[in-house]
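Number of protein chains: 2
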Amino acid sequence: MKFNKLLDNCKIYEAGKPIELVVRDYGVDTKDIIKLASNENPYGTSPKVVEKIASLSKNMFMYPDDSMYELKEALGKKFSVTSDNIIIGSGSDQVIDFLVKAKCSENSKMLMSRTTFAMYEIYGRQAGAQIIKTKDDEHNLAQFEEMYESQGADIIFLCLPNNPLGECLDRDDVYAFLAKVDKETLVIIDGAYQEYASFKDSKKRIDPADLIEKFPNAVYLGTFSKAYALGGMRVGYGIGQTSIIKTMYKLRPPFNISTLSLAAAIEAIKDEEFVQKCIALNFEEMTRYEEYAKQRGFEYIESYTNFITIKFDSNYLSSEVAQKLLERGIIIRDLTGYGLNAIRITIGSKEQNTRVFKVLDEVLEDLKKVENL
Amino acid sequence: MKFNKLLDNCKIYEAGKPIELVVRDYGVDTKDIIKLASNENPYGTSPKVVEKIASLSKNMFMYPDDSMYELKEALGKKFSVTSDNIIIGSGSDQVIDFLVKAKCSENSKMLMSRTTFAMYEIYGRQAGAQIIKTKDDEHNLAQFEEMYESQGADIIFLCLPNNPLGECLDRDDVYAFLAKVDKETLVIIDGAYQEYASFKDSKKRIDPADLIEKFPNAVYLGTFSKAYALGGMRVGYGIGQTSIIKTMYKLRPPFNISTLSLAAAIEAIKDEEFVQKCIALNFEEMTRYEEYAKQRGFEYIESYTNFITIKFDSNYLSSEVAQKLLERGIIIRDLTGYGLNAIRITIGSKEQNTRVFKVLDEVLEDLKKVENL
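In order, the protein sequence lines correspond to chains X and V.
Going by this note's numbering, the residue at position 298 of the first sequence is 298; the numbering climbs one at a time, nothing skipped.
Going by this note's numbering, the residue at position 104 of the second sequence is 104; the numbering climbs one at a time, nothing skipped.
Treat each hint with caution, since some may be false.
Any copy will do: because identical chains look the same in the list, a pair fits if it lies in one copy or spans two.
Straight line, CA to CA, 27 Å or less: simulated DSS-like cross-link-like pairs of lysine-lysine [as the list claims (entries may be wrong)]:
id	residue 1	residue 2
1	K324	K203
2	K77	K109
3	K214	K78
4	K277	K58
5	K11	K135
6	K324	K183
7	K2	K133
8	K31	K214
9	K358	K109
10	K78	K11
11	K183	K270
12	K270	K58
13	K183	K2
14	K350	K58
15	K5	K77
16	K270	K368
17	K48	K11
18	K2	K214
19	K31	K58
20	K246	K5
21	K109	K5
Honestly, the hints are just simulated from the structure, not real lab data.
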């Protein structure tokens, strides 16, 4: 059967390997598996959220409140915007999908950093858009500016901080760039890890209300999957001027969030203390990874997120390191697919990280031996 | 800001009003509200599923198993197909979205019954497809055949049984029609309410494995939202030949189903006894609606689902009936938007239906009085 020809250029996102798969494929015991591949919050979900969901599990037969009144009210209050400035997605990546499909058609152009969240390109190709990338892997605003001036763009993506590398631009630099962008260009500020970045350095903090007031062509994206520890529940949001939000609603399928996911997000917002505690622990543990890398002479990217990217020199291949770790039950992300000889590791709990350092040492030793044979 | 011009023709789906909204807008007490607008299973979710979810609520921080291995295995076993024949969607309507976007582009044509599930047209317009509808509201295969022959179609939708009207074609007639359809035309058999239809009359039963073997250009859609009582969890599926399923995967966003939704669906399949009991109760209660309609002299459509469509003559306007019911806390669906002077009522539990009959009598009496003034 013939299909839409746009699909010929479409790529499929490769998700972090789930624990179930490692059990199935490598026979590792579930209890021995450490998954640090998808930047999940290693401290679990807020006990208050867990309790709420258990108490609501009887309500699964009812469709969700499709107006999402309560969640939008809570987000509006948190960010000092109105409910009309908010759209909820099944993860913030569904909001990316809405934005790309709303703005782009064949011959549209999307500008992004060379190494950034893979879904931008995937949704762009589905819409038939041309993908333009900067030369540098990390965000480089001078390159963004140069390419925007020479080639133009219908959408510009800025991932602040950037996944999968971890770096983050300063807000003032971002604003200076946005001031030069045409109002017909949609700018997507992906703040999936903003809670981490603004905790570490207030210069990185993007305030959604301030952003969309100053730049009405910008949309801010947030998620409950990372700091709010709801990766399994698929809730994200977009904040923008009402005209943009209203247009996106034309593409939102009804009931795009499950009843329990809505309830979990509403409850998670209430337990800000839990979130801040998790973030503080994250950066405490991050220093151990930095120390580890320094001691072994590995380069790493300073991270404003809950993961760290460690680069290897020619002595090691990141794909081999990742595979060996996997066989020992430690799931991390190999960045070979991004053209980098590097791995991305989610910052786990203290115990998890201690084990990662130990097993990683063993793996590196093993690989060195093979080399020396 | 300028957007994709296809959006100019897009419509937004109007969901059944949630209980929360009636509480907010009409000040009715939550406990007094009966929602029979979205064809939810009035007997709640299987207690086994409820228990499972409560026990898993701690796992919300982990991303779902994106391979959906266990659920696809369970569905494969249930329907005698392989996992490669299955794709899971956030409700079966996400599978419709995948299929429409995979097959259609501007100038494509989609053929459907005049009054059928609204999302077919909504997704079609997003893709820029031309919507062709039969003259009759209910499915009329002679009209399908005639229009297909004269105009052609890239996709044909058959909703078996049909939402929002409730009628259902016989399998043999459907097969006879499909035999005349070109193999390049994608045929979507929407079986969202098939469990009800095949319970009531085996001649209506569509077996997905048999369907896709005989007609490799057909895809079967099923859902956990109706008989399986998981409307709030958003899980549906498509069953088709691997080449079609594989193509759809290019459009499936990662993690399109939440961790708890996956677990709920897996558990729901195991409790077939609960499902069959709910369906039996549904048809027992359905006869009460049929009796009610007959006694009041209202026409109704014989239904193979968990809802019934009651038509009014010129003495009543369905929009007024629906509004008056709403003010008294009973939420049903007015079909004025479909060009029909009719209401669609989900078959509730015994107690709910008894109250519906009482309040509906009051409402009809009230409306008659106004008429007579």
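Each hint, compared with the structure:
1. Within a single copy, K324 and K203 get their C-alpha atoms no closer than 39 Å, and across copies no closer than 56 Å, so neither meets the 27 Å cut-off.
2. Taking CA atoms no more than 27 Å apart as the test, K77 paired with K109 passes in neither setting, with 35 Å inside one copy and 45 Å between copies.
3. Taking the closest pair of Cα atoms, K214 and K78 come within 27 Å of each other only inside a single copy of the chain (19 Å); across copies the shortest separation is 55 Å, beyond that limit.
4. Within a single copy, K277 and K58 get their C-alpha atoms only as close as 31 Å, which misses the 27 Å cut-off; across copies the closest is 18 Å, which meets it.
5. When the C-alpha separation of K11 and K135 is checked against a cutoff of 27 Å, the pair qualifies only within one copy, where the shortest distance is 21 Å, while the shortest distance between copies is 40 Å.
6. In this homomeric assembly, K324 and K183 never come within 27 Å of each other (Cα to Cα): the closest approach is 49 Å inside a single copy and 47 Å across copies.
7. With identical chains, the CA atoms of K2 and K133 are at most 27 Å apart between copies only, with a shortest distance of 23 Å across copies and 31 Å within one.
8. Taking identical chains as interchangeable, the C-alpha atoms of K31 and K214 are never at most 27 Å apart, the minima being 49 Å within one chain and 46 Å between chains.
9. Taking the closest pair of Cα atoms, K358 and K109 never come within 27 Å of each other, the shortest separation being 46 Å inside a single copy and 60 Å across copies.
10. In this assembly of identical chains, K78 and K11 lie within 27 Å of each other by CA distance neither inside one copy nor across copies; the values are 36 Å within and 31 Å between.
11. Taking CA atoms no more than 27 Å apart as the test, K183 paired with K270 passes in neither setting, with 36 Å inside one copy and 54 Å between copies.
12. For the identical chains of this complex, K270 and K58 are neighbours both inside a copy (22 Å) and across copies (17 Å), given an alpha-carbon limit of 27 Å.
13. For the identical chains of this complex, K183 and K2 are inter-copy neighbours only, at 10 Å across copies versus 39 Å inside a copy, given an alpha-carbon limit of 27 Å.
14. When the C-alpha separation of K350 and K58 is checked against a cutoff of 27 Å, the pair qualifies only between copies, where the shortest distance is 20 Å, while the shortest distance within a copy is 36 Å.
15. Proximity of K5 and K77 under a CA criterion of 27 Å is satisfied in neither setting, with 44 Å inside one chain copy and 33 Å between copies.
16. For the homomeric pair K270 and K368, neither the shortest alpha-carbon distance inside one copy (49 Å) nor that between copies (50 Å) is at most 27 Å.
17. Neither within a single protomer nor between protomers do K48 and K11 lie at most 27 Å apart by alpha-carbon distance, with minima of 39 Å and 39 Å respectively.
18. Proximity of K2 and K214 under a CA criterion of 27 Å is satisfied inter-copy only: 19 Å between copies versus 46 Å inside one chain copy.
19. With identical chains, the CA atoms of K31 and K58 are at most 27 Å apart between copies only, with a shortest distance of 16 Å across copies and 29 Å within one.
20. Taking identical chains as interchangeable, the C-alpha atoms of K246 and K5 lie at most 27 Å apart only when they sit on different chains, with a minimum of 15 Å there against 29 Å within one chain.
21. For the identical chains of this complex, K109 and K5 are neighbours both inside a copy (18 Å) and across copies (16 Å), given an alpha-carbon limit of 27 Å.
The structure does not agree with the numbered hints 1, 2, 6, 8, 9, 10, 11, 15, 16 and 17 stated previously, though it agrees with the rest.
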